[in-house]
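Q: Which chain is which? The protein sequence lines are R and P, in order.
Count along the first sequence starting at 1, add 3, and that's the number in our numbering.
Count along the second sequence starting at 1, add 12, and that's the number in our numbering.
Treat the hints as calculated values from the structure; they're not laboratory data.
Among these hints, one or two may not hold up.
[Said to hold, decoys possible] Capping the alpha-carbon separation at 27 Å, the derived lysine-lysine pairs in DSS-like fashion look like this:
| no. | chain 1 | residue 1 | chain 2 | residue 2 |
| --- | --- | --- | --- | --- |
| 1 | R | K150 | R | K55 |
| 2 | P | K355 | R | K55 |
| 3 | P | K141 | P | K82 |
| 4 | P | K286 | R | K150 |
| 5 | R | K16 | P | K173 |
| 6 | R | K148 | P | K155 |
| 7 | R | K55 | P | K286 |
| 8 | P | K45 | P | K110 |
| 9 | P | K141 | R | K16 |
| 10 | P | K414 | P | K286 |
| 11 | R | K16 | P | K155 |
| 12 | P | K286 | R | K148 |
| 13 | P | K233 | P | K36 |
[Unchecked claim] Computed list of chain P residues with no C-beta within reach of chain R, every gap over 10 Å:
| no. | residue |
| --- | --- |
| 14 | P81 |
| 15 | E276 |
| 16 | D279 |
| 17 | K414 |
[Said to hold, decoys possible] Label-pair ranges, simulated between beta-carbon atoms:
| no. | chain 1 | residue 1 | chain 2 | residue 2 | range |
| --- | --- | --- | --- | --- | --- |
| 18 | P | K45 | R | E101 | 56 to 66 Å |
| 19 | P | S30 | R | L156 | 45 to 55 Å |
| 20 | R | V46 | P | H37 | 45 to 55 Å |
| 21 | R | D50 | P | E161 | 31 to 41 Å |
| 22 | R | L115 | P | A241 | 27 to 37 Å |
| 23 | R | P56 | P | K245 | 47 to 57 Å |
| 24 | P | E161 | R | R36 | 30 to 40 Å |
| 25 | R | R9 | P | D383 | 56 to 66 Å |
| 26 | R | L102 | P | A148 | 34 to 44 Å |
| 27 | P | F71 | R | P56 | 36 to 46 Å |
| 28 | P | G380 | R | G161 | 51 to 61 Å |
| 29 | P | E41 | R | E101 | 52 to 62 Å |
Ideal Cβ positions, reconstructed from N, Cα and C, are used throughout, including at glycine.
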Amino acid sequence: MMNGFRERIRELKAEFPMGDSALIPSIHEAVSRFGALSRDVAVVIADELGTKPEHVEAVASFYHLIKRESVGRFHFLVCTNLSCMICGAYDLFGWMKELLGVEPGQTTPDGLFSYEEAECIGSCDLAPAVLLNGERIGPLDTRDKLKNLLDGLRREVGNA
Amino acid sequence: MPETRIILEHAGADGSESLSFYLKHGGYEAARKALSMKPQEIIDAVKASGLRGRGGAAFPTGLKWDFVPKDDPRPRFVIANCDEGEPGTFKDREIVEKYPHLLLEGMLIAARAIEAHQGFIYVRAEYPKAQGILRAAIAEAEKEGFLGENIMGTGFSFRVKVYGGGGAYICGEETALIESLEGKRGHPRLRPPYPVSYGVYGMPTVVNNVETLSNVPFIIKNGPEWYRAMGTKDSTGTKIFTVSGGVRRPGVYEFRFGDLTLRELIDEYAGGVKGKLVGVIPGGLSTPILRPEELDVRLTYEDIQRAGSLLGSGAVIVVNDAVPLASVARRSLEFLAHESCGKCTPCREGSTWLARLFREIELGHKNGNPDRIRHVIEGMRGKCFCPLGEGAVAVAGAFINKYEEEL
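The following block holds chain R by itself, in its conformation from the complex:
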């Protein structure tokens, strides 16, 4: 598993005029393969790019969307910035908590759902909006709309 990952980092490194630029792409690659940037993975990245694992982690920790702990299969970024807030984002955040029964940052026991509060996701025309695994969804301005969305995702998993 790690061999393929090492190979990929080498490829990324070759794509840039300077190998340092491959660091953040490598971190993204790690998160997409392994779900989060663990210490073990940081050690591998550091080894391939000729830096220290602490540097890899220091860079990763600067960026809010780089996951350092694993999340649910469906991860929601719930925007509460101005336009979403004005359109009811705090209600949406409350429904999220109520319907999923877990705190932000936690994952439901079945491993399906997690959510966190986010800064502007560039979806203000869909406010209140969320990013669901990178996909823009909105406006989620009623509890029913959120409930239907969650039910649909559960069905999707059930049918798979």
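Position chain P against the provided structure of chain R, taking the given hints into account.
A: Positioned in the frame of chain R, the structure of chain P alone reads:
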């Protein structure tokens, strides 16, 4: 006054993201023309057009290109800034998702102008779809000879790479973006030297906003006089506005500068205010709020500046009475505190204190807090390392000075 859609004319039509659609609508003709021009002729045309940066700073684009050292053997780079983190802004998303070749053509012309052979598009982590569309567009353009080696048989080479950010507002600031592109934490650099002489990898680098670069093909194709004829003397061309918040029809609108006022944009295009109007943030979260009686201002850089705010990225956030104004103020400062990179003390500490003090006001504890906010503002003003902290000063000042009674 109807919309004047130039950049967005075809965006969103069926298949508008494809190369074949783009070619059918005159795509890459401007680049073909630019590749037959001398680099300085391109720079002069862009200078003569009056085009200014659309990301928020409004710096003259042609002048920026002209600052790239001429007799300098170092490789040069063109970077399209698609970090678009300014809350309320989603214009670049519209361009890159629906009409990506327009940006690529603009980058190619910029590359020819400064003689660069490598470009990057720095796309925020929140836009994975845009990243995919851009990668596909680049592959298509390379395959058909509009990017890559020996472009359109002219011998000119230019490659473009998409670089995905990690979720940090500050990386929209061009030197922080460059640091991030070099695999570091996104801390702004001390300027000068400016990126045009010492940018990515220490090489001459032009960083332009996506919308800015998307204007360039039209300037080259139709000429700077055509372009200058739109707008005002200091604000030429068109501007894309994104309207959101407490309005009935949030969305994306493109107008010639000065064709209408902020109030007309909200009432006649965005469907009017939902509920009671409290204020309007005209250029994205980090621009000062305007009161309801201040909205009869023409949409140009200079008019909005005279009104005491900034056109910024053109992100109009309408604040109504759906939430208390104190909450809007607190959330604004909380955002800036959250996104402060931590490099300089006035911004890191100051923005955090401002957020806390507005939180106190939100909770109903007003006693003395407006003055404490003014005190913190004076401690920050002119002392922050980059525009993020100075933005916090302006934003907090507007809330407290224009709305002290209502908070």
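Q: What are the numbers of the hints that this structure violates, sorted from low to high?
A: Of the numbered hints given earlier, those the structure breaks are 1, 3, 6, 7, 19 and 22, listed in rising order.
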